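Student: Letter by letter, the chains look like this.
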Amino acid sequence: MKKEYDAIIIGGGSMGLTLGAYLQRAGMETAIFERRWEEGSAICTSECTAPGFLHNLHANFCEFMDWHPPYHDFKLEELGVRMIYPEAQAAIGFSDGRPPIVLYSVEKPENFKKTHESIAQYSKHDADTYVGLRKQILELQDVIAVNYYNPPQDTTGGRGDFFPMLGIPSDLITASCKAVIDYLYESSEFKTMMYRILQEFGPALEMEGLGAMIMGNFWISLNWRMMVGGTHTLAHGLEMAGVREGMDFYENCEVVKVLLDNGRASGIQLKDGTQIKARKLVASNADIKATMLDMVGEENLSETWVRRVKNYRIGYSNVLASTALALHEAPDYKSAKYNPDMNKAFYTIVGFDTPEEILQYIRDGVSGRMPGIAGAGTWVNSLWDPNYAPKGKHSLTGWFFAPKASDLTIEEWDEVKATYNDKFIQRFEKWAPNMTRDNVIADYFYTPLDQELEMRLMEGDFQNGSYMPNQTGHNRPFPEASQYRTEIEGLYLCGPYMHPGGGVSSGVGYNCFKVVAHDFGLEKFWENHPRGF
Amino acid sequence: MENTKYDAIIIGAGHNGMALATYLGKSGWKVLVLERRLEEGGGLCTEQYTRVEFNHNLHSNYHTFVGLCPVYDDLELVGGRDGVSYAHPPVQMGSIFEDGTAMTIHTDMKKTHASMSRFSKKDADTFQRLYKEVKGFQDLMIGTLMYAPPIDVNDITKALSIWKVEDKTEFFRARLRSISINDFLDKHFEHDKIKAMLAFHASICGYFTDVVGLAISFPFMLGKIDNWRLCLGGAHRLAHTLWRKMRRYDITLRMASPVQKILVENGKAVGVQTYDDQEFYADKLVASSIDLGQTFNDMLPEDAAIPKEIQLEIDNYQYQDGSFFSVHMAMDKIPTYKAAEFDPDINNAWVLNLGFERLEDFNQDWEDIRNKKVPANPKLNVAVNSMFDSTDAPDGKATGLIRVWVPYDVDGKGPGTWNTSFKDVYTNRCILKMEKYCDNFTRDDIIQAKPYTPLDISEKLVNMVNGDWMMGKISEENLMGNRPSPLMSQYKTPIDGLYLCGSTTHPHGFITFGPAYNALKAIAEDFGMDRWWEEI
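Protein chains in written order, with the numbering used here: chain A, 41 to 573; chain B, 1244 to 1779.
Keep in mind the hints are simulated off the structure, nothing from the lab.
All of these numbers come straight from a predicted model, not from anything done at the bench.
Incorrect hints may have been included.
With a straight-line cut-off of 30 Å between C-alpha atoms, the simulated BS3-like cross-links for lysine-lysine are [stated by the list, open to error]: (1) A:Lys-433 with B:Lys-1504; (2) A:Lys-42 with B:Lys-1693; (3) B:Lys-1576 with A:Lys-297; (4) A:Lys-433 with B:Lys-1693; (5) A:Lys-433 with B:Lys-1269; (6) A:Lys-311 with B:Lys-1504.
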């Protein structure tokens, strides 16, 4: 292990890997120190049910890949990162076997017609509205991407500026996402679907002041890509992009301290006492509280920063539990008799018949209990990619909205772990009669507490910080820190608690790199890049 | 546009595939490695199998060739920029016996001698002479018998007599070829427990102690009884290291890319086709590090010219009679043992034998396994890596492993039994057994225990056919120049340009890197490569 680098990055999650590859390419000798034995943090794929069955326990949607800067800048496809873009992107079925609603990918114009027809079964108004909006977004999406892939510039969060252009009243910007959906759509079936899809993006449906966040949801829905062989292949690709540039990566190296020299970040100390010097900078994509309060230490921070960091809120938005099922057969939905694509949609909503059920489900979660209704957003990636399951078998992964890790005791989580899948399967059978216990070869349940322990996604919040009006955009994580710098000179933040948040976007890592490039006079290659960000 | 032309394509990113790729890449070749699984490393596989934060080595756990194998040095796999670190536990192994006594093998051979002397001074002295004698021959044996394409077994016998080895040594005898490890132990040692300790060591190395002919390997094996090392951070770190080395030489590794077909033109292997119908071409060679069945029967075109006698050998390739049943444990503490009253060092020993008391115990198990019976009374190999690697469990907790030899096929009904509740029953039986030896450790100290069966092995790593992590029987008919068959023992196949570089070739499975290194020698010869690596 070298004892000195230009740049040291704490944490090998997707954002740290992104920043590392760019810094090394820009000429900084860079190393990443990761606490775990694997790179990629939440871009992980696991054989948690049975050998040969792959499950993406965290990231499954890879929706930003058309923009994702490192994917293009480092030619990650050459490094084995490949994607599939399923035609039927999202579907919802119903327990009484009513026709499903299926939404199709946006790459082909004729797919809008299919999407329209599907929604129009329940409401022509909703179909017109949704398809109209989604088409408008196609025109705007590169502009939205510019907001995403730049440090936040203003205090409104940016995305809400688009409301007037889309014919949505501006006052809804400060309402809840639910209010926006209720304003736009009328049919119970489609609202159920929209509520749930919104929830996958993170913000709590009824949280006031987050209406503008629906723009991100408009943008990325139906842009959902699946990673061939597991989302973790992207972690492999990002790490190898950095290694190809000459970067170093050390796993099993827990950083316990950011070393300071005259108030400037000058290096790190590992758990075993080893110190490594950083000639230019230290950047952390570890949890913000651990970084500032434990690694830097309260005594080295101003009263304002200590207060800001302590007040930073984590959960209830973005708190998920995952289910993983190894299956003999893929689910065969009752609703599929009206549209066989119901059985081959990338993202399938199961367990909800009405918008009220979704609301109850989320209210349960934010009240600190596992939802009484065990419904989920699910993926059966083996339908497209044989790498996900042994021949003829299938792997299903799903997400539940869940209470925070600290809401339940360890014993209570163990109980949930042991029982909730059964509850889910019992409900699933009402939507897809072949989803009996006998169809399940093995199952696994991944709790928010597991996520906190394993990934240090505190409280099981995959964005490492709530989406709430005072924690988005320029306010994320708090105004003084929003530009990826800290009050410690040479210490930068690049975790999902920064704008634009987590997800498989590489946004935080990329934006942090821009700020570092500015501070250290590195070449600003993006200024002349045709993509515009 | 993706690049599809390479000098060499390697099928399988296990440790051998990756090592060969790195040598070739470092020699300036353009190399592509295709791996079926999501992760590189094959048996170098570490996962949070029981609970998050508890890292378990699901396959490879014991690395005994560090410092002996030239690949570690050539490719700088230890220390330095991308390298791993190894722990070398001072108390390497131990046996705990039912009467409360215990024996320990140390890196310090004086201590080993002292421990054995408590059972038999005579045996301890014998062991010491044997160990010293082996050490004197170790480099020669490593160079000729491990890290060189295999010679005919008969030539070894001849060499022993030509060099008049028998006159110079007490233990090396040509007749070792006709006896088993048990026979060797019976001949030279008197005390049951010492014999059991040494036989246990051989069994964990993958050698059945009653197989006639294996005694020839035994002295050599004993020479590294003090070289058991633990890859810090999990065995998978060695895979990361190899992968980063590959990347530094611009070698591409594609995961989740099962090879479907080896492309053959005019009798020469020219490339491969992956499951998604992509084709990749190799100017110089294709090397397979996976099993024979997949390579020859599944991937080669039906009209590939495989001579009948070779096809017969492929079809009749023998696998080990048994496999491992493992119990992985997330634990509240590191166990200590009642036998520490007799020998306190036992609490610091890494690789433990709990159950084999005498050679008959081994024979009983081998017989059960060959009769497809799961040993009713499991005899355990226990290892708690957390004693030497604090990164494999949360602070104050520990990660533990129990391993037992069992058959793959149970009661002649196939491996399906391993998918029933029997695996939980057997898990409990193993834990109960372990409990009996401990003084501070009960089931209640196990946060979670999860079995990993022979069927799991073969389903996770499909080239470990029948759950055989040695990838082929360890017997004279299947070692050295007979592995995988007399006609293919030189890493070449009847298909021009198709090489073998995996554990089906000499020497065998385990993290020896021998197959890769020896395949490299064959390839270097064929392609007139400059040999920058250390020749041993």
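Student: Please list, smallest to largest, the hint numbers that this structure does not respect.
Tutor: 2, 5, 6
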